[in-house]
Each structure stands twice: as structure tokens, then as C-alpha cells.
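In case you want the letters, here they are:
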Amino acid sequence: MGFFNRLRSKKPGLEDRSSWERGILVFSHTSEVIQAEKLIKESGFSIKVMGPPPEIRTGCDLVIEFPLIEELNIQRLLRGQGVHALQVVPVTDHLLQPVDLFTVKDFGEHLMVRAANMKLTVDKETGVIVNISGGGCPDVPYLALEMIGKSLQEAPKPQDIGHTLCGYALHLAYEEMTRKCW
Amino acid sequence: MLVVVGTVPEDDFPLVCGRPDFDSSRLRVEGKYIDVNRGTPALLAAACRMLQTLGQEPPLAFLVGDTGLGHGSRRLYAYLVEHLAEHAPSSMVFHYLQPDVNGHGRVLMAVQELKTRPKLIADAGFMYAAKMSGQSLEYDLFTPDAGELAFLADEKAPHPFYTRGFILSEDDKDPSLITRAYVHANAARYLLVKGRSDYIADSSGILATVDSPSSEVMEAVGGTGDTLTGVVSSLIESGLDVSRAAEMAARINRIAGSMSHPTPASQIMDLISCLPGAYELIKINQKLC
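Chains E and P supply the protein sequences, listed in that same order.
Residues in the first sequence are numbered consecutively from 61, following my numbering.
Residues in the second sequence are numbered consecutively from 41, following my numbering.
Hints in this document: simulated from the structure, not taken from any laboratory.
A virtual CB, placed ideally from N, CA and C, is assigned to each residue, including glycine.
Treat each hint with caution, since some may be false.
As the list claims (entries may be wrong) - When the alpha-carbon atoms are kept at most 25 Å apart in a straight line, the in silico BS3-like pairs for lysine-lysine are as follows:
id	chain 1	residue 1	chain 2	residue 2
1	E	217	E	98
2	E	101	E	217
3	E	210	E	98
4	P	213	E	165
5	E	108	E	184
6	E	108	P	196
Claimed, not checked - Away from chain E, derived, C-beta distances all over 12 Å, residues of chain P:
id	residue
7	107
8	162
9	246
10	281
11	306
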């Protein structure tokens, strides 16, 4: 089972907890959110990466929504890996939902997936990433340099080397492309 | 003088302010070499090529290394606030920078304090910050692509990543999204929307549509939007009014793209080298008409 498929599988018994009272973890930087998301999901907790509510004035442009009942477990897990949340607060209002719509274009030999403002194009036969376009945050040109010319399996994952919301959007496009190509 | 403000995707690239040389494969600013792949280097290379073709002086570039952590962008914001008054730009284009509402606000104030207000163009991260701060109307031109137009049209989204689905699903409905962006004051005085059809618009509606030559694969090629922003900024710097410059830039970028025989795997240098030829072709056609 591939890495991303493992992430999508939730441990039995934790599934229903997503409806419990929710809290959010606030981090100082998007790259910490990405790291924390990976750690928490790998441990089987049901979480979502969301936009911060307007009353949160510290931290970055992403938060992790989690079942509040799991706060101690999740905080312990993160501390053990050297990741520290700036704040933990209960959810009191509607959180911004990240993009979940993908546009797919088939150019014959190449396939392009767009998530929000980010586009990823691969060679359908080899799985090699041939282009990355769109986006406006400074890690986009860097991600393109690191990923273009490598296969989906070989290329560094945007969630591992990206730092911004554009990087996160590219990761969603990467995941969708992986689903389509595998 | 056209001022270009943006980032280079290297952590250790220093903050530089200088006139670039472009030798058809690499840029050199203040003795530092920069590869041209996409992002601000692509915009800058296109602007160098176009300004040279137009007989104008090269742009003045404010650049800093930033791979997404935002440290470089914040240094550049602070540098601009302190040093912009030492220059007299007639037009400025802001590009790949970490979206930062406070940084944007301070830079905009520094621009507003200049003796003569330059024409202001924003794209990429700085355009996001301009929209987030509610000051879009201070700008003369935004150059969004389809995904970014949906973000401008969504009055609740602080970044394209949070554009609501019912707006994103309006793909191919650019005209209605343009209207929505203006209704909520989230567009600049003019918009140049890059897409299958390029639209030039203002608050009264669509002023021009450019849809040929058409090459669908151009959407996949990284940097085509950056070169378009570089071309339109150069034409504005040469004295064309914003809407005319936007329409002409859309044509030049499309023709240059077509001349480069693109595939989804093409790289942006192929298009940049065709910009002078595309401009000359348009000039010849205008004379014939």
C-alpha cells in the first residue's frame, strides 16, 4: 500500500471521534503545520487542515482541527517530535475550508491537475513531472526546481519541502495526480 | 524607470538592487547570476527583452532570496520602506513575495509618499496581499490567472487555497467572476486575466478579449503568466495606457508562445526568446491595417 493510501486509511475506532467537540492547533509557520499534519495522521487521529478563524491573530494561515478530547495525546506526540503548537483553542466559529475541487486536463501524452491556483503536469507514460505552473508564494519556483524532471515517486513531496499555502495546494495537486497515475 | 520587486528561489541569494543584464540564458544582477525558469526571474527576463526592443532603459530590480519561509520577503519589504524614496520609478511591478498584509501596507505607504505616483502592477503573492488588505483599488493592474481570478472574486477567501468551491467550479465563467471581483472592490483599476481567453476588464466590464493564437498546452507551461506580466509592465513603462498595454501584451505573449511551438513540457526560455519577434509581427500588422 502506498504512502498516501496509508494516510487515507484511518484506524478503526477513531473514525467517529471527528464529530466530537473540536479544537484547533495554531503554529507559527505553515511548514510546521505540514509536519504536524503528517505526524498526527500517521498516528491515526482524525484531523483536518483548515483556515484559522478571524479571532486568531497569531500564527500562520493554516491550523489543524482536531478532536479536543485527544489534546493531550496529540500534544505529547508533537512534543516528542520537537513540534510545538503556539496555541490550542476550542473551535467556536466556522473555519475556512481548503480547496477540494480539482481540474484535470488530458493533453494526450501529458496530464495536468489543478488545485486552487497550482497546476502540476506529468508525462503519462513515465510519470515524470514535466511542469509546474501557477501560484504566487515564493516557494513555488523553488518547488518547481526541485520536482521537475523527476518521477512522482522520486520527486520530493511538496508537503516535505514546501512552506506556504501555495506549496500546500501543490501538494493536493500532487496527491490527486498520484491517485490518477497509480 | 520600471521597478521590478520579487524573489529568487535560493535561500542564500542576497538582497540586491540593480539593473540586470540578460544574455539570453541567464540574468545577472549586481554580479549575481540567476537562472530563468519561472517566477520573478522569468518576469524580469521578459521585461529586459521587451524594454530593449522598445528602446527603453533596463528595469531596476529589487530582489532577494526566498524559498517560502518568508524571511527574504520580509527583509525586502523593510528595505523598500527605507530606500524606495531614493528612486523615482514611473512604474512598479510587485511579484512573487510572501503575502504579508502588514508588509504590503508599509510598502504601499512608501509608494504613496513618492513625489510622483508610479503606475502600480501586482501579480502573484503581492497581489494576494493587496486583496487581503482591501487595497486592490490602489493598483492600476492585476494580472490573475483563472484560479487567482476566482480568489479575487471570493470576498471571503484570504488566499487562493481557501477559494470556495461554488466559485471555483465557475471555471470558464471568467466574465461573471470579473464582475464579482469588482462588486466587492477586490480588483485593481484594470484586470488582465490570463487563460484560454485573455480578458482585459475594468469596473465597467470586459474591454477586450484576446483568444488567438490559441495553444491549450500553454496553461501547463510554468512562467507564461510571469512573462505576460513582464511584457505588460514594459509596455506601460513605454507610455501606453494600461488597457491598451494589456491587450497588446496578451497578443505578444500568445504569438511568442505560438512561435516557440510549445508542448506541456516546454520551458519558459523558449517563449522569452520569441518576444521581440512577436512584437515586430504585431507592429507590421498594425502598419498594414
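**Asked** Are there hints from earlier that the structure breaks, and if so, what are their numbers?
**Response** Failing hints, ascending: 5, 7, 8 and 11.
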